[in-house]
Amino acid sequence: EAQVTQNPRYLITVTGKKLTVTCSQNMNHEYMSWYRQDPGLGLRQIYYSMNVEVTDKGDVPEGYKVSRKEKRNFPLILESPSPNQTSLYFCASSLRGRLNTEAFFGQGTRLTVV
Amino acid sequence: AQKITQTQPGMFVQEKEAVTLDCTYDTSDQSYGLFWYKQPSSGEMIFLIYQGSYDEQNATEGRYSLNFQKARKSANLVISASQLGDSAMYFCAMRIYGGSQGNLIFGKGTKLSVKP
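In order, the protein sequences belong to chains H and Y.
For what it's worth, this note's numbering labels the leading residue of the first sequence as 14, then goes sequentially.
For what it's worth, this note's numbering labels the leading residue of the second sequence as 10, then goes sequentially.
Chain H with its partners taken away, still in its complex shape (with noise of 0.2 Å):
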């Protein structure tokens, strides 16, 4: 079954206290993205890849680091969260260079920083 892999889903930490949320993929799609949802902000890209080791920074970067050192794999890494990086994170992958491609989203991992 295609689908992007996300884990944790549900992830309570404290200020300064680093964390990585995993992402994997299992379609070969050498795009991949991750995104932050906040209540009536909508989705904001963090970082994308478009393949691997290529990287970059999407809208709202600061504070977290990725890595793509494999096609499948695309960890997001908060090396000192903080509360402002409470939110709802989406991993999500597509083929490149297809405008009608769509992009296939993990299910989500619910970030709390106390």
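Everything labelled a hint here was simulated from the structure, so no lab data went into it.
Hints should not be assumed to be uniformly reliable.
[What the hints assert, rightly or not] Some chain H residues close to chain Y (C-beta under 7 Å, calculated; not the full set): (1) Gly55; (2) Leu56; (3) Leu112; (4) Asn113; (5) Glu115; (6) Phe118; (7) Gln120; (8) Gly121.
Where a beta carbon is used, it is the ideal one built from N, C-alpha and C, also for glycine.
Fit chain Y to the known structure of chain H by using the hints.
Same frame as chain H, but now just chain Y:
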């Protein structure tokens, strides 16, 4: 700069009636794609429908249709015969060809509530 605007934060519709969710977009690119996603209360993002900028016909998928008016830069989602299970957040999104070749730009969403 590319932008998606959804002006209806929340809407109510009676079960079995049709409803239109508004979406306007802003881009100077000629090649782009428009998408609608549904997010039920469980949180997952579900792809509904796609319209390409060069498509002459409005896209349809079952009870969903996209009312594409290129000159007005609008891409409204029409849901016919609403069902209780249609209660959800709906997001309009746009992808531009070229550049990052994949970025989806989202609107802020419309929360649809279907009343029995």
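Quick rundown of the hints versus the structure:
The beta carbon of Gly55 of chain H comes within 4 Å of a beta carbon in chain Y, closer than 7 Å, and the hint placing it at the interface holds. Of the supplied interface hints, the one on Leu56 of chain H holds, with its beta-carbon coming within about 4 Å of a beta-carbon of chain Y, less than 7 Å. At a threshold of 7 Å, the smallest CB-CB gap from Leu112 of chain H to chain Y is about 5 Å, leaving the interface hint in force. Interface hint at Asn113 of chain H: satisfied, since its Cβ lies 5 Å from the closest Cβ of chain Y, which is below the 7 Å cut-off.
For Glu115 of chain H, the suggested interface contact is upheld, since its CB lies about 4 Å from the closest CB of chain Y, less than 7 Å. Hint status for Phe118 of chain H: holds, given a least beta-carbon distance of 4 Å to chain Y, under 7 Å. Proximity of Gln120 of chain H to chain Y holds as hinted, the smallest CB-CB distance being about 5 Å (cut-off 7 Å). A cut of 7 Å between beta carbons decides the hint on Gly121 of chain H: the least distance to chain Y is about 5 Å, and the hint holds.
When the structure is compared with the earlier hints, no violation turns up for any of them.
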